[in-house]
Each structure stands twice: as structure tokens, then as C-alpha cells.
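Put together the whole structure using the sequences plus the hints.
Protein chains in written order, with our numbering: chain B, 22 to 158; chain Y, 22 to 158; chain E, 22 to 158.
Quick caveat, the hints were computed from the structure, so don't treat them as lab data.
One or more of the hints may lead you astray.
[As the list claims (entries may be wrong)] Covered by chain Y, according to a simulated footprint, are these stretches of chain B (three or more residues, beta-carbon under 8 Å): (1) 28 to 36; (2) 40 to 46; (3) 54 to 62.
Each residue gets a CB set at the ideal place from its N, CA and C atoms; glycine is no exception.
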Amino acid sequence: MNKSILLSATVTVLIAVFYFFASMRVGVLRGRLGVKAPATAGHPQFDRAYRVQLNTLEQLGIILPLLWIATFFPTPFGWLPALIALIWLAARVVYMAGYMADPDKRLAGAGLSGLSCLALLATAVTGLVMAWTSAPA
Amino acid sequence: MNKSILLSATVTVLIAVFYFFASMRVGVLRGRLGVKAPATAGHPQFDRAYRVQLNTLEQLGIILPLLWIATFFPTPFGWLPALIALIWLAARVVYMAGYMADPDKRLAGAGLSGLSCLALLATAVTGLVMAWTSAPA
Amino acid sequence: MNKSILLSATVTVLIAVFYFFASMRVGVLRGRLGVKAPATAGHPQFDRAYRVQLNTLEQLGIILPLLWIATFFPTPFGWLPALIALIWLAARVVYMAGYMADPDKRLAGAGLSGLSCLALLATAVTGLVMAWTSAPA
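Below, the structure written as C-alpha cells:
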């Protein structure tokens, strides 16, 4: 088993754990704060927690595909995709902590998340270009 | 082709079919009940159907990555990830039926969905730990 | 490296680029139009841009899994999954342009997106059936 695949798989599971926690929190706050389903807004704390979860899901749709493309089409730095995804995950923890305290404090974590997406995109594109140029015609 | 990969692929397609149906329903109800885009709320039946779809998407972000990590880093029970994902899918059908009848009846399906996520997480972590401990240094 | 895998990976990255652009636009409009977080509605232009992003995410949950199942369980037309996903991406660009101009103009792009999902589903199912019937018992 390739080591960089193992690294990317481990970070993927860590991301799933974080996202599971963010989702559970929404369910718990829904009960505690009396936000009745199917509403997805109704109390400031709930609203923030739900946005943290949904915004994380919005980024999962880009982070996970790029992580795995970059892992399977590696540059010479095979560990790089897993490292960037780990930085993204750390940025999400900062984002969550900031957002729950005050929506205006979400921006540092949001910015670092976005930059991590771009870095992972650059890595994936580099790996793909290398694969295309080395592929037999 | 490994049999457990084929099983996980089949369950993935079944999940896609269910999710496609849940999404189509939202579009149909939007037209029938006159909920004009870009609104995502406006009629109780529509609101429930949309939450069923979106909550399913929220869980796809965790179920599919864990299913495939668990499949590619197998425990001795290679068929287990596909089985858990199938139970998750059954829980989603129960969730949808309950939610459409009455939002308070969503909880049984939601609980079983959450437990399936945890079971898949435990399976993926077990497989990863086995892969790390058997990986050459 | 199999050529159809390289094609599907390339389309996946193109999809990620489009989705990243759709997401960035929401963030930019949030600032420009003064839609304060955690609200996800508040100005017609913002509301449309957010629905474009979220509806695209809703479909990513079905398009990406089916694209990769169809790629790894190929029919004799190995390039077909990447081509359908590319058509889906083009439909999304049409959808975005239409929706931003007028929500009622989203339907052409939405319809073609949905048909692409169905075509990818049919391709994935065909590939899976071929794999099952050729798998040793």
C-alpha cells in the first residue's frame, strides 16, 4: 500500500470525524433551543452551528475530490495533498470556533479554508498535467 | 475485480438512485405547490421533502467517503462496509417516509442513519489501523 | 495509467473549478450586497447565486460517485462517463447564466443537468451489470 494513499485516507477519516461532530452539534442544538424541524433557522446559536456544518459540506464537495485526484496523480511530493487537507481541516476548526463566538470572526478560518482549496487545486492540476504529458499517445 | 469493491459500488449506485428520487420529488413538489425559485421553503410538504433531500446530502458527505475508505482498507469482513451502507440506505427510506408524514416521526430513521455512520466510521478506522500497523516503515 | 481514468480525473477537476467559482461568487455577493452571515437569503442576486451553488452541490453528490463508478466499471465505451460529466458541466454553466438572469430561465440548464445524471446512472448500471456477470462465483 502506497504511503501517500494511507496518509490521504487518514486525513479523510479525520475530516469525517470533524464533520460528524459539526452535524451532531446541530441536532443537539435543535433540541435544546427548540428549533422545530423542518426549520433550519430560529435561534442565533443554532443558525451559526448550521452554517458551520453546511459551509463545511459545501467545501467537502471540492476538498475530497481534489484530495483524491491529487493523491492518485502525484507530484514528486506525494505527502503534499494529505498535508494541505490537514491544514484545511485545522482552518475549519478555527472557522467553527470563530463563527460560534461571532459570525464576523469566521473570516480568518474561512480565508485559510479557501486558500487550502486553491493549493489543493494547484497540486491536483500539476499531477494531472504530469500524467497527461507522460501518458502514451 | 474484488467482490467487496463490487458490493460497495452496487450500494453506491442504489444510494444515488434513492437520492435522485428524493431530489426529483423536491422539483415536482416545487411546481405543484407553487414554491417559486429561489425560495427553498413555502409549503409544509415541500419543506419536508427539501429537508429530506438536503439532510440526505449532508450525510452523503460522510457515508460515501467512509464507505470507500473502509472498502479499500478492509478488515477481515470485506462485505461489512457495503452492508452498513445498505442499512444506512434503509434507514433513509424510513426517515423519508416518517418525515413526510410528520416531522416528529423522522427521529427513528434519523437515529438509525446516525448509528450507521458511526458503525462505518469504526469499520474504516479499524481498517486504517490495520493498514498502518502492517505498512513497511 | 488508463486513459479513461485520466479523462474522468480531468473533468472532475474542471467541475471543481466551476464549483469553486460559483462558491466564491456567493462570498463576494454576500459582502457587496450586505447579506450578513449567518443569513443565506436577503437580496435577489445573492439568493440566486446561492441557489446556483447549493443546487450544484446537491448534484455533485450524485454526479461524482456515478462518474467514478462508471469509470472503474467501464462499458466498451471507456470515455463515455467523462463525456457525460462534461455535458453535465456545460449544462451547469447554462443553468448558472439562466438563473442569474431570471429564476424562470434556469429550467433548460436544470433539465439537461438532470438528463446527464440519468445518462451517467445508466452507464454506471451497465458497467456494474457487466462486472457482476463476468465476476467469478
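Tested hints:
| no. | hint | result |
| --- | --- | --- |
| 1 | 28 to 36 | holds (count 5) |
| 2 | 40 to 46 | holds (count 4) |
| 3 | 54 to 62 | holds (count 4) |
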